[in-house]
Amino acid sequence: MSKPIGLQRAWGTPISIEMSLEGAGGVVFVLGVLAGRVGGSVMALTAMIAGLVCIALATLVLIFDLGMPLRAPFVFLNPRSPMSLGAYSLLLFAALGVLTGAFWVFGWPKTGLYLIVAALASVFAAGVVLYPGFVLGVCKGVPLWRSSLLPVIFAATAIASGLGLYLTLAAILHLAGAGLAGPLGSLGTLSQWTLLAVAAATLIVLSNLVLLRATPTGARSVAAFVRHAAFWPSVLLGVILPLVILSLAPASAVVALAAGVASLLGWFGIRHLFLSGAAMEPMQAMGAAILPL
Amino acid sequence: MRYGMVIDLERCIGCQACTVACKEENRTAPRVFWNRLYDVEVGTYPNVKRVFLPRPCMHCAEAPCVAACPTGATYRRDDGLVLVNAERCVGCKACMVACPYGARYFYEGGATYFPGGSYPEPHLPHQIHQSGTVEKCTYCVHRLDEGFEPACVVACPTRARVFGDLEDAQSEVSRLLRERNAFRIFPEMGTDPSTWYLSRR
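Listed in order, the protein sequences are those of chains S and R. Start counting the first sequence at 1; every next residue gets the next number (the numbering used here). Start counting the second sequence at 294; every next residue gets the next number (the numbering used here).
For the record, the hints were derived by calculation from the structure and aren't laboratory data. Don't be surprised by glycine CBs; every beta carbon is placed ideally from N, CA and C. Among the hints, erroneous ones may be present.
To be verified - Ranges of calculated distance between the beta carbons of each label pair, as one might list FRET restraints:
(1) R/Tyr406 to S/Phe76: 36 to 42 Å
(2) S/Pro216 to R/Gly409: 32 to 38 Å
(3) R/Leu417 to S/Leu236: 53 to 59 Å
(4) S/Ala219 to R/Asp485: 24 to 30 Å
(5) S/Ile116 to R/Val434: 24 to 30 Å
(6) R/Cys308 to S/Gly12: 40 to 46 Å
(7) R/Glu355 to S/Ser207: 43 to 49 Å
(8) R/Glu465 to S/Pro14: 42 to 48 Å
(9) R/Asp485 to S/Pro79: 19 to 25 Å
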């Protein structure tokens, strides 16, 4: 019997926007901290602010997607839940991230306390980047999410989109005035890192899809994933465009800007597919045709 | 003590009496089915068979919804019932995606079965639903606490559903599990459900 493919509907676009913003925001913030260590003060502050803005937007989207937004503080109440752990990471990252940025805004010395605060902020940023993989990993009814590679996938796609955002910011600073981006804003180097991140994320996502095809339900999940309307636009933006244009003209600010925006949006799209293109196990899919709703 | 339900698929005739009894008892909204009946076609033409698969909540011992809930709103009682404290639910739907059985529903509120009418109007405390929260089958906990069986068990005309204590060797459910070919859905997921099914094979 040919069974219809039932996609999970509980989490949709708002949650994929939230998770994508968290991923890109966490990565771009850590890159900002690293840029600060090698002397690029404008780039460092720009990246940190961009990261914190992404996190703030993600938090707003998350809260307003709740059925009971005013009860949002309750999400800290179950430390055994991956979502609660993510909420802790989000809160601590936001607080320590703002404190790290304050050192740059107010010109406080970047030694001692700063190094501790920035390191802790980076650790919690990593938690924010990784936790969606663990949140989805406990969902046993969705074959696409049962992979042990899921946290790695979310980390790799966050790095690809975060580097895209960082490259975009560096390109804008280059267009605004030479030298503003500092050593970690070198477009040639950044382009190479972005190429590497895009290639690695593509390889990891592709490996997961190939491994998933080994079982019948897995194969149905892969079919649902690649047939989703967002699949080819995301692949074009996130994979093909950055790989082609950065290979052709890696040091051009305009090209870097285009590649950065494409990578950011494309990998947001691919992360969106992991939610909206995720098929349920057949039980739910079969049920869809049974009771008239 | 561990409450559980055994559903004999050979007896189920797909009449939906359980679905309606659940709706009547719990006053659930349109598009919310705490008890759902799946109509499954098994086999390949010409060797096919139609099977009805009723699906209440599985009240799993290792419930993924309990592990996923960030607020502790979903919890497991000592008697094995997995319940939701609506006062604590934030409506994040983490439990909905965590449940492999699709047994959880988000209640948006407002919908009625009759345009301009009020049904499902609540008459009893357990029939009041909080919009913006997630809800599910409770095995009719309000009835169990009063010494009655779940509404779906009482309503089933073919006695396909049997309810009782899975840990009591003398109970009807334990006897059926010993004597018949019993199985659970998605056992490989390690959820240890309390809802069992019986089949001929």
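Hints and how they fare:
The supplied range of 36 to 42 Å is met by R/Tyr406 and S/Phe76, whose beta-carbon atoms lie about 38 Å from each other. The given range of 32 to 38 Å is broken by S/Pro216 and R/Gly409, whose C-beta atoms sit roughly 47 Å from each other. Distance hint check for R/Leu417 and S/Leu236: the Cβ-Cβ separation is about 56 Å, which falls inside the suggested range of 53 to 59 Å. Distance hint check for S/Ala219 and R/Asp485: the Cβ-Cβ separation is about 28 Å, which falls inside the suggested range of 24 to 30 Å.
For the hinted restraint 24 to 30 Å between S/Ile116 and R/Val434, the CB-CB distance of approximately 50 Å leaves it violated. Taking the beta carbon of each, R/Cys308 and S/Gly12 are about 35 Å apart, not inside 40 to 46 Å as hinted. At about 29 Å, the CB distance of R/Glu355 to S/Ser207 disagrees with the hint of 43 to 49 Å. Between R/Glu465 and S/Pro14 the Cβ separation comes to about 47 Å, which falls inside the hinted range of 42 to 48 Å.
The beta-carbon spacing between R/Asp485 and S/Pro79, approximately 23 Å, falls within the hinted interval of 19 to 25 Å.
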